[in-house]
Structure formats: C-alpha cells, structure tokens
Amino acid sequence: MRSITKKFADVVANDKIDFTVEKGEIHGLLGENGAGKTVLMNILYGLYRVDEGKILIDGIEADIDGPNAAIKLGIGMVHQHFMVVPSLTVAENIVLGNEPTRSKFLLDTKKIMQSVKEFCDRYKLEVDLKAPIHVLPVGVQQRVEILKALYRGANVLILDEPTSVLTPQEAQELFKAIRALRGQGKTVIFISHKLNEVIAVCDRITVLRKGKVVGTVKASETNVNELATMMVGREVSFTFQKTQPATRKTVLRVEDLKAFDDRNLPALKGVSFEVHAYEILGVAGVEGNGQTELVETLTGLRKAAAGKIWLLDIDVTRAPPHERIQHGASCVPEDRHRRGLIMEFSVMENIILGSHDRPPFAKDSVRLDINEASNYAEKLIQEYSIKTPSKDEQARHLSGGTQQRVVLAREFSRNPRLIIACQPTRGLDVGATEYVRSKLVDMRNNGCAVLLISADLDEIWGLSDRIAVIYEGRIVAVKDPEKTSESELGLLMAGAEPD
Amino acid sequence: MQNLTERLGTLVRFLRGLLLSFLAELKEAPSKMLPQVIAILLAFLVGAVVLAVTGYSPLDAYGALLVGAFGDTYGIGQTLTQATPIIFTALAFLFAYKCGLFNIGAEGQFLFGAFTAALVGISFAWMPFFIHVPLALIAGAVGGALWGFIPAVLKARLGAHEVITTMMLSYVALYVTGYMVNYPFKEPGSWVARTIFIWPSAELPRILPPTQLSASIFVALLLAGLTYYILQRTTIGYEIRAIGLNPDAAEAGGISVGKGIVLALVISGAMAGLGGAGEVLGVHRRFIEGFSPGYGWDGLAVALVGGLNPTGILLASVLFGALRSGGMTMTRTTDVPLDIATLLQALVILFVAAPKLVEYLRKRGGFKR
Numbered sequence: 001m002r003s004i005t006k007k008f009a010d011v012v013a014n015d016k017i018d019f020t021v022e023k024g025e026i027h028g029l030l031g032e033n034g035a036g037k038t039v040l041m042n043i044l045y046g047l048y049r050v051d052e053g054k055i056l057i058d059g060i061e062a063d064i065d066g067p068n069a070a071i072k073l074g075i076g077m078v079h080q081h082f083m084v085v086p087s088l089t090v091a092e093n094i095v096l097g098n099e100p101t102r103s104k105f106l107l108d109t110k111k112i113m114q115s116v117k118e119f120c121d122r123y124k125l126e127v128d129l130k131a132p133i134h135v136l137p138v139g140v141q142q143r144v145e146i147l148k149a150l151y152r153g154a155n156v157l158i159l160d161e162p163t164s165v166l167t168p169q170e171a172q173e174l175f176k177a178i179r180a181l182r183g184q185g186k187t188v189i190f191i192s193h194k195l196n197e198v199i200a201v202c203d204r205i206t207v208l209r210k211g212k213v214v215g216t217v218k219a220s221e222t223n224v225n226e227l228a229t230m231m232v233g234r235e236v237s238f239t240f241q242k243t244q245p246a247t248r249k250t251v252l253r254v255e256d257l258k259a260f261d262d263r264n265l266p267a268l269k270g271v272s273f274e275v276h277a278y279e280i281l282g283v284a285g286v287e288g289n290g291q292t293e294l295v296e297t298l299t300g301l302r303k304a305a306a307g308k309i310w311l312l313d314i315d316v317t318r319a320p321p322h323e324r325i326q327h328g329a330s331c332v333p334e335d336r337h338r339r340g341l342i343m344e345f346s347v348m349e350n351i352i353l354g355s356h357d358r359p360p361f362a363k364d365s366v367r368l369d370i371n372e373a374s375n376y377a378e379k380l381i382q383e384y385s386i387k388t389p390s391k392d393e394q395a396r397h398l399s400g401g402t403q404q405r406v407v408l409a410r411e412f413s414r415n416p417r418l419i420i421a422c423q424p425t426r427g428l429d430v431g432a433t434e435y436v437r438s439k440l441v442d443m444r445n446n447g448c449a450v451l452l453i454s455a456d457l458d459e460i461w462g463l464s465d466r467i468a469v470i471y472e473g474r475i476v477a478v479k480d481p482e483k484t485s486e487s488e489l490g491l492l493m494a495g496a497e498p499d
Numbered sequence: 001m002q003n004l005t006e007r008l009g010t011l012v013r014f015l016r017g018l019l020l021s022f023l024a025e026l027k028e029a030p031s032k033m034l035p036q037v038i039a040i041l042l043a044f045l046v047g048a049v050v051l052a053v054t055g056y057s058p059l060d061a062y063g064a065l066l067v068g069a070f071g072d073t074y075g076i077g078q079t080l081t082q083a084t085p086i087i088f089t090a091l092a093f094l095f096a097y098k099c100g101l102f103n104i105g106a107e108g109q110f111l112f113g114a115f116t117a118a119l120v121g122i123s124f125a126w127m128p129f130f131i132h133v134p135l136a137l138i139a140g141a142v143g144g145a146l147w148g149f150i151p152a153v154l155k156a157r158l159g160a161h162e163v164i165t166t167m168m169l170s171y172v173a174l175y176v177t178g179y180m181v182n183y184p185f186k187e188p189g190s191w192v193a194r195t196i197f198i199w200p201s202a203e204l205p206r207i208l209p210p211t212q213l214s215a216s217i218f219v220a221l222l223l224a225g226l227t228y229y230i231l232q233r234t235t236i237g238y239e240i241r242a243i244g245l246n247p248d249a250a251e252a253g254g255i256s257v258g259k260g261i262v263l264a265l266v267i268s269g270a271m272a273g274l275g276g277a278g279e280v281l282g283v284h285r286r287f288i289e290g291f292s293p294g295y296g297w298d299g300l301a302v303a304l305v306g307g308l309n310p311t312g313i314l315l316a317s318v319l320f321g322a323l324r325s326g327g328m329t330m331t332r333t334t335d336v337p338l339d340i341a342t343l344l345q346a347l348v349i350l351f352v353a354a355p356k357l358v359e360y361l362r363k364r365g366g367f368k369r
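Just so you know, the sequences run in chain order S and R.
Mapping to the numbering used here: the first sequence position 434 is 434, numbers consecutive.
Mapping to the numbering used here: the second sequence position 155 is 155, numbers consecutive.
Hint data in this document are derived by calculation from the structure and do not stem from the laboratory.
Some hints here could point you the wrong way.
Here's a subset of chain S near chain R, in silico, CB distances under 10 Å, partners left out [to be verified]:
(1) HIS322
(2) PHE345
(3) GLY354
Cβ atoms here follow ideal geometry from the backbone N, Cα and C, with glycine treated the same way.
For reference, chain R alone in the conformation it holds in the complex:
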C-alpha cells in the first residue's frame, strides 16, 4: 500500500515537472517574438484608422484580405507562392548580417541568379530532369554568388562599403538582365522582353495546381534549416559569427576577416540567386523583364520582422506573402486599393524598427539621467 502511494507520488511529481517545463517553454516562445507580434498588431490598428478615415470599412477590408490569403486552398497556395522568394532573400540578408554586413543588394543577386538559371534552363534539351533541374538551380546559386563576390572583394580589398556597392550592383543587375532579354536572348517574335520557355526537363514541378506554388518552397525550407546548420555547426559559420560580433578579437584568434567577409557575401548571394532560380524554374518558366516586384528588398524587411533568425523569417515571409496575395483579392472583391496592403507592410516594418531606434537613441542619450 505504502509502495503504491510512493509510486503515485513519483508519478505526480514527474507529471507536474513535465507540465511546468511545458508551461515555461510556452511562456518563453511568445516573449521572444512578442515585440514583433505587437508591431504587427499596431500596424493593423493604424491601417484600420487610415481605412476608416478614408471612408472604407476596416472590417470588410481586413476580412477580404484574410479570406484572400488563407480562405481556401487557392488562397493559401498563392500566399505561399508569394512567400517563397522572400524566404530566400531574407535568409540571404540574415547570413550576411551575421558577419556584420548589410547586404541590401539581394535584389540584384536574385535577378542575376534567375537569369543564369534561365540560361541553363533554355539550353541542354537532351538532359534528364534529375540532372537538368539541379544544374539550373546550381547555375542560379552561382550567378547570385558572383553578384555577391564583386562587392565582397571590393570590401575586403579596398574597404568599399557594402551598403553602397550591393545596392548599386542591384541596378546593374536589373539593367544587364534587362538588356539580355531585350536583345541577345529575347524570345523571337515576341513584343515582351523575355526569354523563350525553359525545357520541361528543367522545370520545378508545381505542387498545388492551379496555384503557381512550386517545389521551390521545399528548397526554401531546406535552405532555412541549412542556414541554421551552417551558422551554428560549421567552422565557417563560427568564423562568420565571430567576425560579425567582434572583428578585432576574431582577427586575434587567427580568423581571416577578409576571407570571412568574402565567404559570407558569396554564400548570401548564392542564397538570393537560388531564390531567383526557383522563380524562373517553378513559377514563370522563363526570365521575364521586371518579373520581381522587389523580392530582394522585401527580404531585408522580412529578416528584420522575423527577428533575424531562420524560424522567424519563415513566419514573417508567410505574413508578407499573405499581404501580397490577400491584397490582390481585397482589391478585387472590395473597392479598397492595393496600396493599403503596401501600407500595412510599411507599417509593420516601421513598428518593428521603431523600438530599435528608440533603444539606440536612449543609449546615445544615456549619459544624462
């Protein structure tokens, strides 16, 4: 009898411990993401005020947005389709950021990767898909990496600031690829600046027809995991983080800062380029001039809204994808303009960035109390 009570007591203690640790976990997770959640709620609140003041019903607008983004399989598919390229560019921003670099040129790396992937896609008709698809993806990564390598060398060798060079190279990429599809690689007879379709053997399969969602999203998920792995579990990632936190101590510890910077920007560029390849191989099946509505720039914002970690980036990408796809539905079904979706994005970014700004200002004024 006493034996039984003893055992019951142990069991109860065990269960209580389990419950407590679960509760602690539950408590921990939101507190980490809490600033982001508050920022998002605030953004929607301010957006509602704007809607109300301009004579729209916030409830109707948000309802249409939500239904459009998550209401049915089609909506979810389109939301994820929009989220996919942003995952790539946000991870690209994150990776360089961990090395203390502001790669704001993901757009250029994204476009250049898309173009090189398209080149491989329209060549090699004879290839089986299991070679052609990976080859085209690799081509995209290499194209993006190349576009990251240039500012990396400029930084490591000459000290040119990467914010300037990556941004300017984005425009170079925009116009170079634009030229390519307007002249040498233009689809014959078309009046649109675009290449011919890639061979079917290079296509990434669509996974949720009739939406445009393609297998590229699996690559994105894989890359999110890989990003975490590289940063936390490899020597390269260790060196990159060390440089990002304290380049002087990293150097004293035998780490080559120049090499780390080049590697970080090259890998970051490859990530963005892979995203571009995914769009070409999975969604458009060709390179079309101006096909990116600014996925590269969104990546920067999403990385910040996602709290600069891979998991947060996945969630924030879905939010931004939802704003894009739901926004279109909202415009179609109500008379609310699409700009409201853009406004909401801007507000989210603003409210995420604002606390950091306040913290920065407080630190600077911290001498007086």
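Bound-form chain S, shown alone:
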C-alpha cells in the first residue's frame, strides 16, 4: 500500500501510509485505538475508498471498490465482531455465499460436507462441522470465520483484534493456527494493540500512531518497551512501585455469597474471600462467569440471595448503595455509559454524584452548593488531568479515556476504604490504561483495599498482590502471583480442576 490517505470530515485517519507485507509472513499492525489500523485494513478490504494513494498486489495496481473485489484478489478479513449465522451449522457457514448446488435451487449437502472436510484437513483446522454455530465457544466460532475466508480463496488474511474475545488458551490455539497457515504459504495481517502477543506471533511489526507509520521492526529484534514507546510516543511504564506495610486490616469480607442473574439463574454459587488494606486482590476470569453479578451484589445494586458481606466489620449485606458509599466503598463500574456516568450531565454534576447529598455540597441536606461543587470539580479536573473545555461540558462529549478519568476522579477522591474496579481499562488506549493502573496502585499504596476484576490477564498479573480465579460463579482458586504461571491461571479460567 503506497501513500494511503483517508479523511473523515476534517479528521485524517490515514496520513500517507506506506505499508508493505511480504508473501508468507505474519505481519503485525500495532497502534492505539484511533491510530488508524482498522481504517487502513478496511481500505484494503474495500470497505472504504482511499482519498489518495494506491494499492499494489503482487506488484500490480489494484482497484478495490468493495469486499467482493478484495475477495477476488485473494484478500480475506475476520472482523472483531463475527459475521456468522448462529443457527446454521459450521459447514453451512463456511460455504455460505459459495454453496455447492445440485440443480439450481437444491443444496448438495453431501458435497458440502465432503468439500469442507477436505478443506479443513488441508489446513489442519479441526472443527465439528455438523454443530450449529451458536453452541460453539467463541474461539471455535472465530476459527469458522477464518475457514470461511480461506474457503473463498483468501491468500492474505486480515485478523482484526482477534484475541480480544479469547481466553489465553484459545489465543494460543489461534497462534498455532496462524503459524500453520504461514506454513501453507498464506500471508496474515494481525491487528492488535496488545504488545506481548504481537511479539509472540508476528515476523514483522508495523506501528501506527495518529494515522502515520512510526516504523516497521522485526519481532525478533524488538521488545515490549520499545513497541510501547513507538505506539504512545513517549516512555510507558508497566511496572509499578508497591509499598509493603506491616499489617493489613481486613476491609471487605465476603462469606458464601450467592446471587441470581437477570434471568433468575444462579450466577454466584457461594463466593467467599477477603480483601485487605494495602492490597489488590485480582479476580481473573473469562467474562460472564459471575463477575458482573459479584460487583453488583457488593455495591448493593443486586440482592444477595444468601451469604454475608462485611465492610470494615459492618454487615452491609442488606444496605442500599448510598450507605455502602458512606461506609467507604467506591466502584469503577465495567460499563461507564450505563452505570458510571450520566452522559447528559456536566463534568461537575458527574463529579459530585454520590456525594451530592452530604456536606459540603448539600447545605442543610436540601440546598445544593454550586460554588462548592464548582471549586471541587475544578480541583479534580486539575488533579486528574481531565481533558475538558470546562467543568460544564457534558460528559458525552468527552473521549472514552477522559470519561474514565472523570469516574476515577469521583470515586478515588472521596477517601474510599475499598475500591471495586471492574474491567477498568476496557476500551482504553495504552496511555489511558497506564494512567488507570498507576492510579489503582497509588490508591493501594495509600491504604485502600482494591478488588480488581478483569478479563485481561496482563492487567491482573501486573497489579495484583493475590489472584483469585472465578469460574462459573465460584472462586476456584486463590494464588500468589509469585507462585503461579500464566498458563496455570489460564487453565483455571477455562474450568480446569485446581490441584
């Protein structure tokens, strides 16, 4: 791809990008959210037209005016969100759009099975061809997507953030499959913002920042820190200094907690743990194993069906949310649009949420002291470097990272004793992620108890003093990070029996 430029209104998403991929290599495309990775690949796949520049395939200039043109040229793409038909079988999904037919209208089911089977064997990608898609795990669905692209004759395969939905084991499987494809002479473009996996799986890596190419490096000759610096444009630190206090008071104690999910099925099946002051307890687990319900039960948004919750030795099992807030519980919710912020409220109004009914913001518990709130908001905007034109700007006009800063500012500045952080860096770019993590460690070093719930193992790994693994509504193990390994945690997350 030569000198590719693409603008959306006034925003330059791709600025004269030169991008070359050799045949038979795994090429990583790395960049923060909004760096232009997906736009560039959508251009290659024909979803967007270029404003300037040209695309050469095998040295011949190609005019790709749509995905069909791209497919004809041997380019296939697997999107972040799968485009499979859930009720059809694997085989039917793979042939979709190229169904072998007997007469004009009759599907040749035998031939479908046969050709797909041969096909899978050739690429050594195993799937149960007769299973309907919706019963399969996400990792297998993704494999079906890859097979679908190959079946259409793809020689160049674009994978857009393929590991964002996978467990570590599934990711390993994927990497194996990708390497096997390279062995067959296929070319793979691997889009990601995760540094470790790009180094692990790619031959060469091109880094984008703000729509421009920062550089292309060989994976064997680089490291995480170099890539992070290229990506963010400054040095990024992933290790945090932790203080080691002598005593650790128990802040949160949970005993045999049970709760139901929205469909009235048991989501928490007896969870017990403790979180201490000066400690981050990481809860690792694939999403949907009861984390959401755990957070909601702890914050008082969901009824506990059984069990007890003590916050600083006070039984808060039946306490409403505002009482728990007053006892020192803060929460960074997983869905900041739904639970974290009121998008139409100003930054200031969002910052006082939860403290609005107490002095200094409430005078004689009725009048709202706007001056006090303004000063407080101004102070936090400074302290947490919240990028907003003013304290009166509506939260919905801010970027995702900035919105999360508003949540952190609010939750961390009211002297909490316990912080419950659920997927706190999801959807954030590297810079914002680093900020959130360092703040969590700061709060811990100041004596907070932190319950960190995350599907991102790197995050759990880097921050936690102890790691609990949640699987199907149970804490299946609590590990010391010094004495466990990523693969052990990954197995536990996938439901393997602990030793």
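Starting from the known structure of chain S, arrange chain R on it as the hints suggest.
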C-alpha cells in the same frame, strides 16, 4: 495626548466587547426557541389555508383573534386568566418529565386539588384571610399531591406504568369530585352541581377587574421560579434529574430511584393541585362540576411547546391563553367558529411534535445511509 488616545482605545474596545456579547446573546435566544416559533408560524399558515378554503377571511379572523386576546386591558386580562391554570399544569408535567416520567394525569390532580381547596374554603368561617388563603392553597397542593402519590407508589412498588395510571386516575378524580358536588357537598336548592361559595376570607383577590384575573397568576410565576430552583439548586432536584437521564447510573451513585419517582410525582401533583386551588379561590369562588375545559391536558402540550423549560412554559401558556380568550372574541365578532382556535392549538402541537418525530424516525433508520 497619547494617554488620552490610549484611554479612548480601551473604552472603544470595552464598548465593542459589550456590543458583541449582547449581539451573541441576542443571536442565541431565538435559535433556542426557533423551532417553536417556526411551528407556531406554520400552524397559523395552515390555519389560514383552512379558513380560506372554508370560505372565511383569514385576515379578519386572525385580526379578531389578536384584538380579542391583546387589544385592550380586558382582553389581556382574560388571556392571562386563561393562561394561569395552564402554567401550573405545564410546570407539573415538566417536573415529572425531568424524572423521566410522563405524568399525563395533571387534569385529575388539578381537579382533586381544586376540590380540597374548595372544602377548606367553605369551612373555617372564623379564619383571618392571611391564614385562610394559604391554608386553602396548601390544601389544594396536598390534594394534588395525593393524586400524584397513588400512581407514584404503583410505579415504584409494582412497576405500573405511570402513563396508564395517571390517565385513569384523572377520570376517577373527575367522577369522584363530580359525585361530591352532586351529593354530599351540593349547594342546597341549586340545580347546578356545585358547592356553596367559599368564605370571603379564603378568596384570592382579583387584580384586574372586571376581568377574572386573580392573584393566582403571582403564585404561578413564583412556582415557575421555584421549579427552576428546585431542579437546579437542590439535592432533590439533582437526584430527580439524574434519575430522569440515567436511572442505572443514578442508582449506582447511591440515589434511591423509587424514592425519587415518588417525590417527583408527588411534587408534580402538588403543582397541578395548586393550580386547581387557584381557579377555585380566585376565579370561580366555588367548585363547579366540569369547570375545567381540560387545563390538565393543555399543560402537557404547553410544556412541549414551551421547550420543556419554565421560561418557555410561561410564554407558551400565554399563547394558549390567547387562543382561548381571543377565540371567544373571534366567534362573537365574526362568524368564524370557535373550532378554529382549537384547530390552531392542535396544529401548534403537531408542528412542535413533528420535528421530534422526524428525528426519532431518522435515528431508527440511521443504520442505512
């Protein structure tokens, strides 16, 4: 000399800044109300077409309407008299709306408040006016609040939708008060369903005789200011707005959503009830069955036409009051039927609501471009 030029320069810059900020302000205000103004103009345009097609002169009709509504002191007085109860019911709708609730039962709260105020008005003959008037007003607010409390509890406890319950309770209020003034509290010997006159000590003074305009309009203006104050400057108002915009985040922030819903509907009902009290104490001086031509329902429309803010509501109430009072003059002085005034109201509402409808449809179809 140089000093003087310097000072002059500063002065000129200052004046220019002043002028520019004034112009900016002037530019801002109409752009906020512009959709409403266009809707009103369109309504009158379509109304003119209807008039012309049916054989009336639009110019004569509108002229009579305008003169009737604003032509003299009497007209202005009647316009404001008609506007007053709508201000209350529109503010009531607005308040509940800010909590994400559609209180379309202001009519019932209005009627019930009117009745409870009348009860206090016909009792306590011995009371001095400075106690009797406030007491009767409070009674009206409490009556309305009660009529807001019932759907509020049904919503907060059982999840019953307030659109259904408030509307149905409006009819309950209509018939309960109707029964009351037909039987237990009927004026003896009268063939009209109404109570006896309230004691003079409970009367709100008329402020522009011979029109029926009463001091109730001051209460209405006060309430408009108070509505803004409660919503923007109190913790209750903050919580109500938070619930209205995002109940999930409000709940996570420690706000009790159930409590907020109850408070919002109770206050909303009290506002409508106060309006009913104003009509009884200031205009009719008694409760008469069927005295409200639908002020409660008008409130909903006026709140929307007023752009869902207190200032806009005051302006829109005057417009609707003018259509009512001017319409009567128009019918009297020309042969144009009163229905034209009603038609104009309907058109205004339609044109205000239409852009929102278009926006909604565009959003829903927004996936394809």
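Here's how the hints hold up against the structure:
1. The beta carbon of S:HIS322 is positioned within 10 Å of a beta carbon in chain R (closest approach about 3 Å), and the interface hint is therefore held.
2. Contact between S:PHE345 and chain R, as hinted, is supported at the beta carbon level, the nearest pair being about 7 Å apart and thus within 10 Å.
3. The beta carbon of S:GLY354 is positioned within 10 Å of a beta carbon in chain R (closest approach about 4 Å), and the interface hint is therefore held.
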